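Number of protein chains: 2
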Amino acid sequence: MSTSADPTTADTLSTPALVVDASAFAHNTAAMDAIRPDRQLRPHVKAFKSTALAKQLAADGHDAFCAATPREVEGMAEAGLTEDLLLANESLDLGRLGTLDAHITVAVDSEAILDAVISSGVRSVLIDIDVGLPRCGCDTEVGLQLAERARNNGIDVRGVMGYEGHLMMVSDRAERIEKVEEAMATLTEAHDRIGGGIVSGGGTGTFDTNTWCTEIQAGSYTLMDTHYSQLDLPFQQALAVVATVISINQKGWIVADAGLKAFGMNLGDPTWAGPGKVLYCSDEHICLVPDELTDFSVGDRVVLHPSHVDPTVARHEQMWLVEGDLAYDGVVRDRWPIDLRHW
Amino acid sequence: MSTSADPTTADTLSTPALVVDASAFAHNTAAMDAIRPDRQLRPHVKAFKSTALAKQLAADGHDAFCAATPREVEGMAEAGLTEDLLLANESLDLGRLGTLDAHITVAVDSEAILDAVISSGVRSVLIDIDVGLPRCGCDTEVGLQLAERARNNGIDVRGVMGYEGHLMMVSDRAERIEKVEEAMATLTEAHDRIGGGIVSGGGTGTFDTNTWCTEIQAGSYTLMDTHYSQLDLPFQQALAVVATVISINQKGWIVADAGLKAFGMNLGDPTWAGPGKVLYCSDEHICLVPDELTDFSVGDRVVLHPSHVDPTVARHEQMWLVEGDLAYDGVVRDRWPIDLRHW
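Protein sequence lines, in the order shown, are assigned to chains A and B.
What the first sequence shows, in the numbering used here, is residues 2 to 344, in sequence order.
What the second sequence shows, in the numbering used here, is residues 2 to 344, in sequence order.
What you were told as hints is all true, and nothing was included just to trick you.
One copy or two, it doesn't matter: identical chains are merged, so the pair holds either way.
Derived EDC-like pairs: lysine to aspartate or glutamate, alpha-carbon spacing no greater than 16 Å straight-line:
no.	residue 1	residue 2
1	K252	D140
2	K56	E84
3	K56	D34
4	K252	E142
5	K56	D85
6	K56	D340
7	K56	E79
8	K252	D296
9	K180	D209
10	K252	D292
11	K56	D335
12	K56	D39
Don't read these hints as lab results, they were simulated from the structure.
Computed from a prediction, not measured in an experiment: that's the story for all the values here.
Isolated chain A (complex conformation) (with noise of 0.2 Å):
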């Protein structure tokens, strides 16, 4: 869908509906670009998991990528977004991706990673440095063998990577600075030691503190969750999930069409906009206890916005971009099919 003369409105969509603030969508992008332009941002695709809203990032200047599956590249490749395929994770899946015509680099950290590597065809690699999460990452060591193996092998070590993801929340900025450096002074020592030109790290938490990486991994900044927002980021709340309600009880609560198989629930329920506060999901039911009942109708519709973006989204066939109110008369601006969710 794209405008038109007669373009829909959001009450026309049926719910639970994934619909994305077309006003925050911008705000977010051009907050981003305003610190992060061109290729120091490295858009993370497994926030979004749509091609049409890496599009959006491409035509900003942001046109090198990274992904959390072998699917996601597969699916940017096949999408044309082909300049610069970054895989920051570990797979033996790789052979899927040797034959594809993108430029794609994968992550590395151990021996059996890198012979999946030499075996599938894909010619570049970052690799993965072990900054502090307990994740996947390797030490400076370990990880000098495997550049120097994967050079005699004939793979572009292009650099190195290593995610903060245990430092993406903390709330004080100047501690959140302090931490970011020391687990980036172990990136940059690997950096002196290993080479290539980049140094991959960060995330939306961490985007503007880290200044030591020369490209930021991040990707839910796009579209925002309520974790996020509770730091002090320059980014507005830009996803949310429309639902109906469909049964009111005189005891005080309404039940609306939207429960947590539309929501990622990691991080806890769903925020509604309110007036009111959540009582609980169920499969398929967000029960709401509202300031005042008589306020609400069978039929009405109600805005929740997830806790955490990346499970959510991935829970949905597609968003849709609405401007203006995301419940009745926003207008439908676009549909954004999420093509890269599934392994």
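Fit chain B to the given chain A structure using the hints.
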């Protein structure tokens, strides 16, 4: 995929893979059939969202189903499972069901929903009674008025439903029976006054203790999860996610490629079949602390049991029915598309 002379083994499935233990599944359906044969069970498709799985249950005599969304009802009808489909939920989006060539019944708890039924072309309802779960359902007086108006409009009032969801996890069996009896007293009183042949309710947690319903709305029993496994139920854990180890850190953890996007997380982390414990999940990773780190290599496969079956299944495109070992040499007997997802 069907049984063939040269079947695939589980180790060929790309990960994360949602798998069903064929022998546990057969055990679960037999255990249910022994207590709730034929129409005494109305399997709830929201738990497994697969018409292929539903057809297995229909072949065993359970050919009346219930669903939580209009999409689930549509999908069942499209798959030819048209005998008796109950939308056990309120919806205003019923126009899409009125034209289907299937026997469709929907739940009603308000005049607004009944208006939607009357204009939709759907010709059968159950009156949804509030039995104590803070969600949908009306009281008996409202239910009587709805039934009368429905009948005056030529709608078949087939009976009542009431879901005692708040009692599913009462761990002491005697206490569960007592509380279910209380909740069902409300429902049977409503039934006495409203009439119709059906008293529908219950779930996996009360499939045998709820002896007041003429039919039980259970679905999770087929696949099970670690939450329901806390109860004294005769069902085995059939559902698992198989993941591949992609990184090992000498500080004491391993990382596999199934993260919180592969699980429903509202009831917490999945459980690792062991030996060791789950540290945490991120989007595409699960970090595990094994008892013995040296027992693991990159490329090993691990088996993870979800905490909540319904939202886990809804994250995947298919389930693989595996006979024998789920991670390595078990035989892949079937692929069940999860075709009832979304809205």
